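A.B. asks: Listed here are the chains, written in short residue letters.
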Amino acid sequence: MKNLYALIAALLVILPGFSQQPITIKGEELYGGLRGRHIGPALMSGRISRVTGHPKDSKIIYVGAAGGGVWRSVDAGVTFSSIFDKYAQSIGAIAVDPTDPDQTIWVGTGETWTRNSVSVGDGIYKSTNGGQTWNKMGLEKSEHIASIQVDPSNHDIVYVAVMGALWGDSEERGVYKTIDGGKTWSKILYVNETTGCSDLAMDPRDPKVLYAAFWEFRRTAWSFSSGGASSALYKSEDGGQTWNKIHNGFPAGQLGRFAIGIAPSNPDIVYAVVEAEKAEDKGLYRSDDAGQTWKHLNSDFGLTVRPFYFSRIVIDPSNPDIIVKAGLNGSISKDGGKTFRDINGGVHSDLHDFWFDPNHPSTIYLGCDGGVYRSWDGGNAWEMVKGLPVSQFYQVAVDNQNPYKVYGGLQDNGSWVGVSSKPGGIENRDWIGVGFGDGFRVFPNPGDPNIVYSEMQGAEGVWRFDLKKNQSKTIKPYAQEGDPKLRFNWNTPITTSHHNPDRLYIGSQYVHKSDDRGESWTKVSPDLTTNDLAKQQQANSGGLSTDNSGAENHCTIFAIGESPVDEQVLWIGTDDGNVQVTFDGGKSWSNVTANIPGLPKNTWAYFIEPSHFDKQSAYAVFDGHTASDMNPYVYKTDDGGKTWKSLVTPDIKGFCRNIREDYENKNLLFLGTEFGLFITLDGGQNWSQFTNNVPAVAVHWIAQQERDDAIVLATHGRGLIVIDNINLLRQITSDVTTQELHFLKNKTAIIHEASGYAGYSGVGEFVGENPSSAAQIAYFMKSRHTFGKMVMEIMDKDGNVISVLTPGKSKGINIVDWNYSYKRPKVAKGKTLAFGGFSSPTVPAGTYKVRITKGKNVYEEDLTLKYDPESIHSEADHVAQHETAMKLYHMNEDLAYLVDEIDNLHEAGMKLQAEPVNKKIANLLPGFIMSLEKLKEPLVVMTGDNYVGTAEPLLREKISTLYGEVVSYNGRPTEAQMQNLALLAGKLQDALKSMDGIHTQLNTINGLLSKAKKDPIKVRSKQEFLDADE
Amino acid sequence: MRTILFALLAGLLVTNFTYAQSADEVIESYLETIGGRDAISSIKTMKSEGKVNFQGMEIPFIMYQKAPGSQKLVINFQGQEITQMAFDGNEGWGTNFMTMEPEKWESEDSEIMKSEMDFPEVFLNYKDKGYTAEIEGEENIEGTDCYRLKLTKKPITIDGKEEENFTYYFFDKETNVPLMVRSMIHKGDMKGKSQETFMSDYQEVSGVYQPFTLQIKLDGQVMQSLTMDNVEVNLDLDDSVFAFPGK
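Those sequence lines, one after another, are chains A and B. Heads up: the first sequence is residues 997 to 2026, going by the working numbering. Heads up: the second sequence is residues 11 to 257, going by the working numbering.
Among these hints, one or two may not hold up.
Here are a few chain A residues that face chain B, going by a calculated C-beta distance under 7 Å [unchecked claim]:
{"id": "1", "residue": "E1024"}
{"id": "2", "residue": "R1780"}
{"id": "3", "residue": "K1785"}
{"id": "4", "residue": "N1815"}
{"id": "5", "residue": "D1941"}
These are computed hints drawn from the structure, not numbers from a lab. All values derive from a computational prediction rather than experimental measurement. Think of the CB as a built atom: it goes at the ideal place given N, C-alpha and C, for glycine as much as any other residue.
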């Protein structure tokens, strides 16, 4: 008996409350053909951390995005392609191997412009095939890599500046060197665990000469510190064996972040930008003796502004006196640094990097918070690259319009509304700005999508925007009499309600609620944070350069989740680690933080998802990275917060930011982490990363579109990514995964009627991908189909095969598009093409059968096709359209056969004329042949070409044109079209009648041929003609 | 003790072997699986009839191939025969859709095409053709574990610049046949992008298995599918079939 208890106890430990059977298949084996579609936008692009290029081929340019991976252009910047999707998307450094610049590229991950929202990297990568595949070469804990220098005399020797951890101590910092192409590394210069190598430069004359800048720096969630006694500039002349501090001419005291730049055309000239204690000592220094002595030249704003964000200086490769410096506006000097002008010129603010084309130095590329710009005239005029969708979203919301709209806020690029689909694709011009500054949380009013709520950093602006009237009203709450100052997070939580369309919540240290679209606010909570005064000193933040932007505001509410089940239930999470819940609309609150097992104290409560099924259930994710804790924390409670269970498995990579529970299947969860999207089908027992066209990018937020069964990812570096068809995931059970082929129920297929004129975005501009408008057939296979035939057919209700499709063969989920149309008609042969004949008529709504034949096995499934419920056409209109289209379809084919018969009879007649059988027949043939030629003349064009040499249209062209026009519109044809149809039908009848006459002639000839014991003239039948390929 | 040590060593060796499958071993078992060197090299000409599915439009085609590298793809529209592409081993041409007249390719394209003269099988005697192959790693393709084999041909010249010419083949570890080919687009507005061709429906023709379905994808999205209905080998195909017919 005791043993039995022990056994039950053991079982309970093994199965901690999971009722769902585990589903262990992962990755492509599961997701198969399910894939993400990128909708950008690239209108405002996003933060770029690095720009570089090929040393000899000016057409090849590389861009490293702050959170959006590596992009390459092979056409001098007209178009860019992403080449680093599978790996950490935050880029610190890119180096093109000077000895093998076509193939060998190094990427150091982890941006080094260390703002509060910076993402982390996970090491250094190398490609030896021009970016097709990458190998990780170590330095996994480097977090931020500032520079990579490849020895041009031996490319196995590479030096790397590892800045290291931003949020904590680390020994993985300093200068690293490999002499075997990255297989092994040695740390050749290290200062201490708070000071990393923030810049590294190599003398182009002598690769053994290196300059290394070291920076003492640290961020916490509530402070930033730049500078200290350990910051210094070092030089080595022996490939890094020995290093000397080179400060002759630099100010004494604490120093901060340096930028270094060597003039390639005269490497004795070295520039350094220095962050120092005194304002007058800060700015640009120049050495004309390779760093032995330094002279202070300039302390203008552009040279001293925000060193943590802008410590980058680049020298023209052909002129040592032309310098560009990163900054708020960017600065350019043409006199060796004595004077500067702003770059401006309409370029987005916050410039981070430059690349001079060494072959044409007046061509300059720059990277900033708003993408990449290029100048052909040495930096006067700039044009923006419009094809880099690397926008950094903090959040995304969707509405219920058709097509649904998407809403979200961007790092340094405002707040936006866009569309989820548009005929021809989603273009840059389809986005509408709805907020200034940095954008964060943007929501439509759930009852009135004409009203949008948006905000800027620290809730300095909270707006209600009327999209129709273009009016923006400030609606933020203010401190009331007796209240302390309101503390708003940089990324202030705003949310709408499931229960009252005009309700809004906003979090300071309090929860504020409005039931009138933000006109008035009520506090519905006490201070829910720890209110730790030591964490509220942001005015003194920054270190040597004060930086009080609001980014370090702390002890604030960060997450607000209202239960969809009960409006009295509100969950909140704070940046200082509290989870609090009320079940009475805010009258009383319980702090349930202490109930969460295994969660380090004060770990940022990033997001709370109240369950759709039960008001006692909720999910919470915590982010410890601002305390240098990169572990995932995901929990669920089913008892209102009294107990919590961790849903973390080793499958999850990266710290977590967002979680969503599916509307229908509570075991289907979507998790956004620093390194991508993870999905579980079994309530968190197994997670699998979703990598089908979804890069390993930081996913900050996930929105669900219930009607369309889609999720939308707000990525911090790759814009918005939609995954359609997530309803298919709901159906994957452990039983399904063992079946040879299992049809998945898809949404009822709708006949899409929207059309439109394609956009004019032109080459180089990003166009977002549309969802499929086809009827989609989905099935799961337990293994890939490789050998033998596998065919998919669509049959109408009478069992006629109306379409043959190419089925997907993947293990896992397969999705096949059917464009719900018949085959195009056979069109008469002429000299030119009748373009109307390329259209196919849409099949009528109804039930169709899908049949898959896979080897000996046959699988069948019904497919229901419906007219769009929002169609502007009535049932009768649809019938009229279909009947007319089919009438014209058959007219095309009647004419096609008529011409085929004429051609074949003509050929036979000519043949007989060349070899006459007897005189009687010979006398009949000229009349027979002439009748055929006369009949054909008005039917088909036999001259001209398909362009401007086109001949006057004849009957074939007129029928096929009218047919094409009728087919292209899903509603009732116009009266004019019907009249035209009657006219053309009459002409066709006349022609067919004339053929009867020719048949009489033919019968006479055939009679004579029989008499002469010769084969009669016989041509193929209409059915034979229709069955043959074109 | 000795036995345990031996078992351990043997275990290590086995693990090493499976991991270090060489390119030649993969290629050899592939050639063996699809029918063997003799059967493959006996194929001199081929005519494949099938359908291309392109953006929901089904287009019948006929493909003619002749060793070592002549080929011609003919499609039919409204009774008009249109040569989508043809290459006679020296120069390429196709039908202009406006005039329906044949026109030659840019000469650089014909030069590039000369590096694709691999009929009947790219891996047959690949070393003699100056190609090199190496196993670069493993990848899961459509839920199936595959070897990633890099096949490098002689460099090609694009816009006057010599460029490396390599392609990745993904061989199913279990069935030995390639499931996908990933190649870089070398020219045009898609230059620099990777195109993936998925192969399935392997069927036997005259003792040699070949894929009857090819599906071309970009970023995971199907661009077009080709399905063969009928494949004939060693029929008479005169060189004039492939030659530029003149205007």
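A.B. asks: Indicate, hint by hint, whether the structure satisfies it.
C.D. replies: Verification of the hints:
1. E1024: Where the cut-off is 7 Å and the nearest Cβ of chain B is about 5 Å from E1024(A), the hint holds.
2. R1780: Cβ of R1780(A) sits 5 Å from chain B, so the hint holds.
3. K1785: holds, 5 Å
4. N1815: At about 4 Å, which falls below the 7 Å cut-off, the nearest Cβ of chain B leaves the hint on N1815(A) intact, so it holds.
5. D1941: holds, 5 Å
Taken one by one, the earlier hints all hold for this structure without exception.
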